Amino acid sequence: MEMPVPDATILARKTHLAARLAAVLPSDALIQDEMETRAYECDALAAYRCPPLLVVLPRTTQEVSDVLRICHEEGVPVVPRGAGTSLAGGALPTADSVILGVARMNEVLETDYDNRVIRVQSGRTNLSVSGAVEEEAFFYAPDPSSQLACAIAGNIAMNSGGAHCLKYGVTTNNLLGVTMVMMDGTVVEIGGAHLDAAGLDLLGVICGSEGQLGVVTEATLRILRKPEGARPVLIGFDSNEVAGACVSDIIKAGVLPVAIEFMDRPCIEACEAFAKAGYPMCEALLIIEVEGSDAEIAHQLDLIIEIARTHNPVELREARDADEAARIWLGRKSAFGAMGQINDYMCLDGTIPVGSLPQVLRCIGQLSKEFGLDVANVFHAGDGNMHPLILFDANKPGDLELCEKLGAEVLKLCVEVGGCLTGEHGVGIEKRDLMLYQYAPEDLEAQLWVKDVFDPKWLLNPAKVFPLSVTEERRVPALAAE
Amino acid sequence: MHSPKNEAELAEVIVGAEAPLCVEGGGTRGCKVDGDQLALRGMSGIELYEPGSLTLVAKAGTPMAEIEALLASEGQRMAFEPMDARGVLGSSGTPTIGGAIAVNSSGPRRIQGGAARDYLLGVRFVDGAGQVIKNGGRVMKNVTGYDLVKLMAGSYGTLGVLSEVSLKVLPFPEAIATVSVAVTDLSAAVQVMSTALGSPYDVTGAAYDPVSGLAHVRLEGFAPSVRYRQEKLAGELTRLGEVDNQSKTEELWRDIRDVAAFQGQVGDVWRISVKPSDAVRLAPMLEAEALQFDWGGGLIWALTSEGVDIRTSLAGAGVSGHATLVRAQPKTVAAIGRFQPQAQALEVISDELRRRFDPRGVLNTGLMRAGQITGVEGA
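Going down the list, the sequences are from chains B and A.
Heads up, the first sequence is in the numbering used here, so the first residue is 1 and it goes up one at a time.
Heads up, the second sequence is in the numbering used here, so the first residue is 1001 and it goes up one at a time.
To be clear, the hints were calculated from the coordinates, so they are not data collected in a lab.
Nothing here was measured: the structure is a model prediction, and the numbers come from that model.
A few of these clues could be false.
As the list claims (entries may be wrong) - Straight line, CA to CA, 27 Å or less: simulated BS3-like cross-link-like pairs of lysine-lysine:
(1) A:K1248 - B:K167
(2) B:K252 - A:K1032
(3) A:K1134 - B:K412
Only chain B is shown next, with the shape it has when bound in the complex:
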C-alpha cells in the first residue's frame, strides 16, 4: 500500500516542533522517543506500519486546539487516533506526521436521563459509555465488535455500526452533537442535546469523515432504555439461497429483529472447531435475536419460526434461557478468534442489497477457488453488511498481496450488485484505491470540496479515504507552501 513520501523538511524540524508542542502540553502528553512512538506505528490493520514523528496525548479540548494550531502553522500533517482499533488503517501514521491520540480524554461530562443523552469526551470507549448509564438500565446503541476497546472518537470518524444496528441505527443516527477542533485550532460546537442541529447537516458529514475534517473532543450521544429482555433463535439451512430467502421473508412479514447474523459453512466449521458451541454442520446458519418482554419475544420468535419452517430448515433451536442464548451466540462471537487460530486473515465489510446475498456468496466461492485462498463468511444479514474473512499466510511470500487482490475482487463484486465497498469499517488506506470503482471522478471531487472547506491545507489525515493520485494536487501544494 503506497503512502506519500515523507517531507524531509518536516523530519528536519522535529526538535523545533517538539519544543513548540512541549510548551503547550503537560510533560507526559508529548512522546518523542523513537522507542515509544513505535507503539503508535499501526492500528488493527497491522500489515502496515510506520512510526510517526511525534505523538501527543492531550487531556482537554484546549490542548487539542493548541496542538492543531501549532501543527497548522508548521504545516505538519496530523493523524487523529482513537483507540487504534481501525481495521482499515485509519490511524496509520506517516513518518512526517504527529499522532494526536484522544485516549486520555475519557471522562463522562454529563448524564441526562430526562433528556436521554450523555455527553462524553471522545476518547471514552464505546462499551464504557453504556457502562456509565447501566445502573439506570440505559445503554448506547451502536455496538461495534471492538466495543470493549474502541473509542467514541473512532466510532464517529468511521460512523461505526455493529450487530444491533438493524434496529437502532449506526453512529450517525445516535450522535446529536460534537465539540470539534478544526485544523487551525478553532473550536466549534455543532448540535447539542436537541434532536436536530440548525443549518446544513455538518454533523452528518463529519460523522464518517475518518478524521479528515476535524478532531472531535466531546460528543453528545443518544442513550436508550434497555429492552426488558432479548433472546436468539438459531436456524440452519442446507443452502445459502434458502437462508437468504428466509431473511427476506422475515423482513417482508414485518418482523424487525435487532440482529440477523449469517454464517456460511466454512465459518460454521471453523467456529465449531474453535468454540464447540454445538452448531449443526450445514451450509448456512442464521442467528436471529428479538427483544421485549417474555411474551413479546415468544410472539416474535413464533412468527420467525413459522416463516423459517416454510424454508425446510435442517436445524431450529430456540433459546429457552440465558444459558442457551449464550451458547447460540458463543460460536458467532468467537468467529474472528476461530479464524485467527487457523491462519492470518483479512476482514472485509462490503455491503450489498439483501436480495443479492445468494448470488454474491456464490461468486465469492468461485473467487476463493480461483485464488486458492479460503474465504469464510459471517455477516449482518438484515442490512446486507458482509464480512468475508480471507485466510492467508503472512509468512508465505506473496500471500498478503494475493489476499489483497482477492479482497479487491470481492469488494468490486459488492459494488457491481448495487452495494458499496465498506459498510462500517471505513475506507482508510485499505480501500482507498478502490474508490474510483464505486465513484466517478466528479463524485469524489464533490467529497474533496468538503475537505477543502474544513481543512484547506490538507493536513488532517491526508493520505486516507481517497486515492493518492486524486488528492495529490491538493496535498502537495499544501506541503510545498511551507
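Given the coordinates of chain B, work out where chain A should sit on it, guided by the hints.
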C-alpha cells in the same frame, strides 16, 4: 418556468441558468425565493422497490402519495412521517419526496426512529455548475467516503438539486395505540413524556396539546405486544395523571405531525428545536398565542403575533437550540430571516460549502442563510 423531465434536462437548465433559480418540489412548503422557477414535478417515478430489502428508489419529483400507496400495498411505510405542510401554510400543490428530503421533514417518530436524513440511503443531484453527482447508494450501511447524503438532506436545494433519492422504508405496524394522560401543565406533560420515553416500551410518539391538556404517548408493533406495553405504560403513568387508552389514533398523530391546531389561525408560525426539559423554561417566555409540543417537548410549534422575533426569547432564556420561521408575511421573513443564524465559524463553513457546490450562486440563493433572504413569499 423550467420543468425538466429528466436528470440530463435538469443539468441543462442549471448550466444555462444566467440568474438565480427557485428550486421547487411540490411547492407546498413555502420556501419560494426570487428567481426563475425550476419545478421538479416532471421528474417523477419509482425506479426500484424491494420490500424484502426495505429499499425504495424514486425520482425526486415523485409525489409522496404515490410512494405511500405503493408501500402500503406491501404493508410498508415511510418511517420518518414527513409533514404535509399544506394545511398550516395554506399552500396548494402536491408534496414530493424530493421536497421532504430537501427540508429534512420529520414527524413525531423522529424521537424513536430518526429524521428523513436517517432514512436517506443515497442521492443523485445536480450541483450549481450543472454536474451530476451521486453519493451513498441503496444499502443500509455505507461508510464509503464522505456522507454527502446527510449534507444534502435539509440543505433546501442550496447545494444541489436532487434528481433521485434512495430510501430505507419500514414495515407498517400491525397495531397502533395511544396512552393519553391528562396533565395540569407543561411541566407535568414533559414529565409524562420523559417517563414514557425513558421506559423500555419503545415509544414512537410523545406529544402534548395544551388546549386539551393531554400528553399523548404512541406505541406501535404487533397487536399483543402493543396491548402489553399499553397496559404497562398506563400503569406507570397513572400516578402522573388520569390515563385514557385509545386505539384508533392515526388521525390524532396526523394532526400532531401537520400542526393541524394552527390551521386557519392568523399569525406567524415558528418551529423550535430544543432539549425537552428546556421547553418548560422557554415556553412561557415565547409570548405565543398558541403552542403545540412534539418530540417529548423537544419540538415546539409556536403561533405568535406577526413580526415577533422569538429567537430573542431563546437567547434570553439561555436555551440552546434553534427556531425556524415557518410561516410569516414576506416583510417579516425579510426583516428577521427564516433560519436562525449560527455561530460565526459554522456560518463560514456553510458559506464555503455553498460556494463550492454552487459557485455561481444560482441555487435557492435566498434560503438557509439568515442574512441573505430576498423577498420570500409567505403563506
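Now for the hints, and whether the structure bears them out:
Straight-line distance between C-alpha atoms of K1248 of chain A and K167 of chain B comes to about 26 Å, which keeps the hinted pair within the 27 Å bound. Our distance criterion of 27 Å between C-alpha atoms is broken by K252 of chain B and K1032 of chain A, whose separation comes to about 40 Å. Distance restraint check for K1134 of chain A and K412 of chain B: the Cα-Cα separation of roughly 18 Å lies within the 27 Å cut-off, and the hinted pair is therefore satisfied.
Checked against the numbered hints above, the structure breaks only hint 2 and satisfies the rest.
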